[in-house]
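Chemist: For this one, chain A is given, so just place chain B on it according to the hints.
Going down the list, the sequences are from chains A and B.
Residues in the first sequence are numbered consecutively from 1, following the working numbering.
Residues in the second sequence are numbered consecutively from 1, following the working numbering.
Simulated from the structure, these hints should not be mistaken for lab results.
Where a beta carbon is used, it is the ideal one built from N, C-alpha and C, also for glycine.
Among the clues, some could well be false.
What the hints assert, rightly or not - Just a few of them, taken from the derived set where beta-carbon distance is under 7 Å, the chain A residues facing chain B:
id : residue
1  : Y433
2  : T435
3  : R437
4  : I439
5  : D440
6  : L447
7  : G451
8  : Y452
9  : K454
Unchecked claim - Here are the simulated DSS-like pairs of lysine-lysine, each with C-alpha atoms no more than 30 Å apart in a straight line:
id : chain 1 : residue 1 : chain 2 : residue 2
10 : B       : K125      : A       : K470
11 : B       : K14       : A       : K454
12 : A       : K425      : B       : K125
In case you want the letters, here they are:
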Amino acid sequence: MSKDTQILEEFTSSEYKYGFESNIEADSAPKGLNEDIVRFISHKKEEPEWMLEWRLKAYRHWLTLEEPKWPNVTYPEINYQDIIYYSAPKQKVAPKSLDEVDPELRATFEKLGISLQEQKRLTGVAVDAVLDSVSVATTFKDKLAELGIIFCSFSEAVKEHPELVKKYIGSVVPVNDNYFSALNSAVFSDGSFCYIPKGVRCPMELSTYFRINAANTGQFERTLIIADEGSYVSYLEGCTAPMRDENQLHAAVVEIYAAKDAEVKYSTVQNWYPGDKDGKGGIYNFVTKRGICAGDHSKISWTQVETGSAITWKYPSCILKGDHSVGEFYSVAVTNNMQQADTGTKMVHIGKNTKSRIVSKGVSAGKSQNSYRGLVKVFKRAENARNHSQCDSLLMGDRCGAHTFPYIESENSTAQIEHEATTSKIGEDQIFYCTQRGIDEESAVALIVNGYCKEVLNQLPMEFAVEAQKLLALTLEGSVG
Amino acid sequence: MLSIKNLHASIDDKEILRGIDLEVKAGEVHAIMGPNGSGKSTLASVLAGREDYEVTQGSIDFLGNDLLDLGAEERAREGLFLAFQYPVEIPGVSSTNFLKTAVNQIREHRGQEPLDAVSFLTLIKEKMKLVEMDQSLLSRSLNEGFSGGEKKRNEIFQMAVLEPKLAILDETDSGLDIDALRIVANGVNQLKNSDNATVVVTHYQRLLDYIVPDFVHVLFNGRIVKSGTKELALELEEKGYDWIKEEVNEATA
Numbered sequence: 001m002s003k004d005t006q007i008l009e010e011f012t013s014s015e016y017k018y019g020f021e022s023n024i025e026a027d028s029a030p031k032g033l034n035e036d037i038v039r040f041i042s043h044k045k046e047e048p049e050w051m052l053e054w055r056l057k058a059y060r061h062w063l064t065l066e067e068p069k070w071p072n073v074t075y076p077e078i079n080y081q082d083i084i085y086y087s088a089p090k091q092k093v094a095p096k097s098l099d100e101v102d103p104e105l106r107a108t109f110e111k112l113g114i115s116l117q118e119q120k121r122l123t124g125v126a127v128d129a130v131l132d133s134v135s136v137a138t139t140f141k142d143k144l145a146e147l148g149i150i151f152c153s154f155s156e157a158v159k160e161h162p163e164l165v166k167k168y169i170g171s172v173v174p175v176n177d178n179y180f181s182a183l184n185s186a187v188f189s190d191g192s193f194c195y196i197p198k199g200v201r202c203p204m205e206l207s208t209y210f211r212i213n214a215a216n217t218g219q220f221e222r223t224l225i226i227a228d229e230g231s232y233v234s235y236l237e238g239c240t241a242p243m244r245d246e247n248q249l250h251a252a253v254v255e256i257y258a259a260k261d262a263e264v265k266y267s268t269v270q271n272w273y274p275g276d277k278d279g280k281g282g283i284y285n286f287v288t289k290r291g292i293c294a295g296d297h298s299k300i301s302w303t304q305v306e307t308g309s310a311i312t313w314k315y316p317s318c319i320l321k322g323d324h325s326v327g328e329f330y331s332v333a334v335t336n337n338m339q340q341a342d343t344g345t346k347m348v349h350i351g352k353n354t355k356s357r358i359v360s361k362g363v364s365a366g367k368s369q370n371s372y373r374g375l376v377k378v379f380k381r382a383e384n385a386r387n388h389s390q391c392d393s394l395l396m397g398d399r400c401g402a403h404t405f406p407y408i409e410s411e412n413s414t415a416q417i418e419h420e421a422t423t424s425k426i427g428e429d430q431i432f433y434c435t436q437r438g439i440d441e442e443s444a445v446a447l448i449v450n451g452y453c454k455e456v457l458n459q460l461p462m463e464f465a466v467e468a469q470k471l472l473a474l475t476l477e478g479s480v481g
Numbered sequence: 001m002l003s004i005k006n007l008h009a010s011i012d013d014k015e016i017l018r019g020i021d022l023e024v025k026a027g028e029v030h031a032i033m034g035p036n037g038s039g040k041s042t043l044a045s046v047l048a049g050r051e052d053y054e055v056t057q058g059s060i061d062f063l064g065n066d067l068l069d070l071g072a073e074e075r076a077r078e079g080l081f082l083a084f085q086y087p088v089e090i091p092g093v094s095s096t097n098f099l100k101t102a103v104n105q106i107r108e109h110r111g112q113e114p115l116d117a118v119s120f121l122t123l124i125k126e127k128m129k130l131v132e133m134d135q136s137l138l139s140r141s142l143n144e145g146f147s148g149g150e151k152k153r154n155e156i157f158q159m160a161v162l163e164p165k166l167a168i169l170d171e172t173d174s175g176l177d178i179d180a181l182r183i184v185a186n187g188v189n190q191l192k193n194s195d196n197a198t199v200v201v202t203h204y205q206r207l208l209d210y211i212v213p214d215f216v217h218v219l220f221n222g223r224i225v226k227s228g229t230k231e232l233a234l235e236l237e238e239k240g241y242d243w244i245k246e247e248v249n250e251a252t253a
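Next up, chain A with everything else stripped away, as it sits in the complex:
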């Protein structure tokens, strides 16, 4: 219908709100990648020898790998020699307190709605902010330290807690796991590190905000979360980037280790710059996220709201090694204009009586392509493994695509695996019903989409859920199909 087309056109003109650029002086490596660059990064970070060796091993392995071609996305070949692998906001002396952080830098985070002020205490969220490649500030460190919780930048952890880093880095996502994780392992510049000691329930949400600022820069951050026996932590991650005409590469690695009886909840609201409506620019978001439920009765829960990035390639996964361990994956992936997303999860059942649950909600609009790709694997000894997967796709307009690629591999006959999938178009009847009650079309779409995603949004911590709802509305502005 012509009206639909018209509204779709309006929709495609909706603008990215976080596209500002901060004029912060940066300290960068030259373009390109070789062993010297790896050494340069390691040297800049004043890393110990073992860390450098680990990076070099990853780099050498990366050279033997080929970029994966199986995702259902297309993009021009990436020239890995044309990327800057290290860029740090320039600061003469390391800041001792937040007051010493470059005001421009702080202004950047204020714009993002992230207050690094200690007042943030009121909202109960501790924040680690990563700009380009470097963690610029971590709040509430002292308060958390009282409980024995370590929450700091990755580089700090390498210096201060080498025994923990050494033990766990690469233990969930090995260096040789895949092309992008190998690349990350070689050149990662910073990220967040978190350790929750035995029996401690982290009293506040821990949060990392990632921001790519400098041009031609790749961001390769690494997050490592270790939840010791019987501990609990809820972790949030948010990301934005300036609008640029060229594509930028983001290849992160997140590793989660959950010991016996531990529980980790990891929530992401991903809003990297998606490119303009013709598909120019935008972030390539090639991310490896994996958690291991190493101990019995442990639980890892991933919740993601993916609205940004030109291309998303991401499968937050759970390895359910401990008996009775639980893995969950709740996902909303929204693509608009020329965006492409190939996202899903892997649930690997190794332990007995392990359970996993997958809820994936895809929303495609514009000319975008949205794929769910998921693997449920049950190993031989995983007696009574249970999985329930639900994959729903919602289409807006007639030029977008939704695809589902579920893989199920079971080696144990006692396993129960259920998969449900639906594809629907946002109903004109539903929109008309709303408009007949006086609700404008955009609000109607936001209402319907939020309702459709409710099951996933409900998993987010309160503060994040509100933000995510607004983001969904913003991403789908003007879109009626």
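Modeler: What follows is chain B alone, placed relative to chain A:
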């Protein structure tokens, strides 16, 4: 309040309405009756602004506005309400959230402050009594898993909350048992006053025992072929629609 002149409308190039004339004044209740396929629901949909239909001729004036110039949401905000024959389900959206969005957008249109959570809740609790609606329905997803009767009651409940100037009830009686019918009709009657008007679209006379119309119009083949008072509805009940069809056929033969 509502003045329809020579209204022609079609869907997919097929003409459904072929010249409707209708005047509805404040305080009046009009019943539109007619056999299946005569265009009753089309008329309701065209008035509400459903985009599937194309108005090819004629004009509709609503409270001094050219109705055809207004989008569906603008019509609603000006006070036109359609109680749907088949209310749609919107999964994950609670009735409360839905109605609050509607109420506040209408208020914004009228230059009023949005209602806060407490005043809104007070309002809907009061209106719920009108249709004897169970409070648990409010937190459930809109119309999802509602029985036929609950859906229709929910329509009248929404009407009570939104307080329209002109309410169009499209086959609100269909699928209702006699108790639900009475409840729905009671709700409608209580909402009636000298400033608003109701157009009841129905196939059967049954509903009109409860909502007593001032005028009854018979729609056939896209035209109003006969108008009268409530006695006409009784006559139709008794004799069916065939005699009207014959009359029309003779007149056009």
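Chemist: Confirm or reject each hint.
Modeler: Hint check results:
no.: 1; hint: Y433; result: holds, 5 Å
no.: 2; hint: T435; result: holds, 4 Å
no.: 3; hint: R437; result: holds, 4 Å
no.: 4; hint: I439; result: holds, 5 Å
no.: 5; hint: D440; result: holds, 5 Å
no.: 6; hint: L447; result: holds, 6 Å
no.: 7; hint: G451; result: holds, 3 Å
no.: 8; hint: Y452; result: holds, 6 Å
no.: 9; hint: K454; result: holds, 4 Å
no.: 10; hint: B:K125 / A:K470; result: holds, 28 Å
no.: 11; hint: B:K14 / A:K454; result: violated, 40 Å
no.: 12; hint: A:K425 / B:K125; result: violated, 34 Å
This entry does not satisfy hints 11, 12, going by the numbered hints stated previously.
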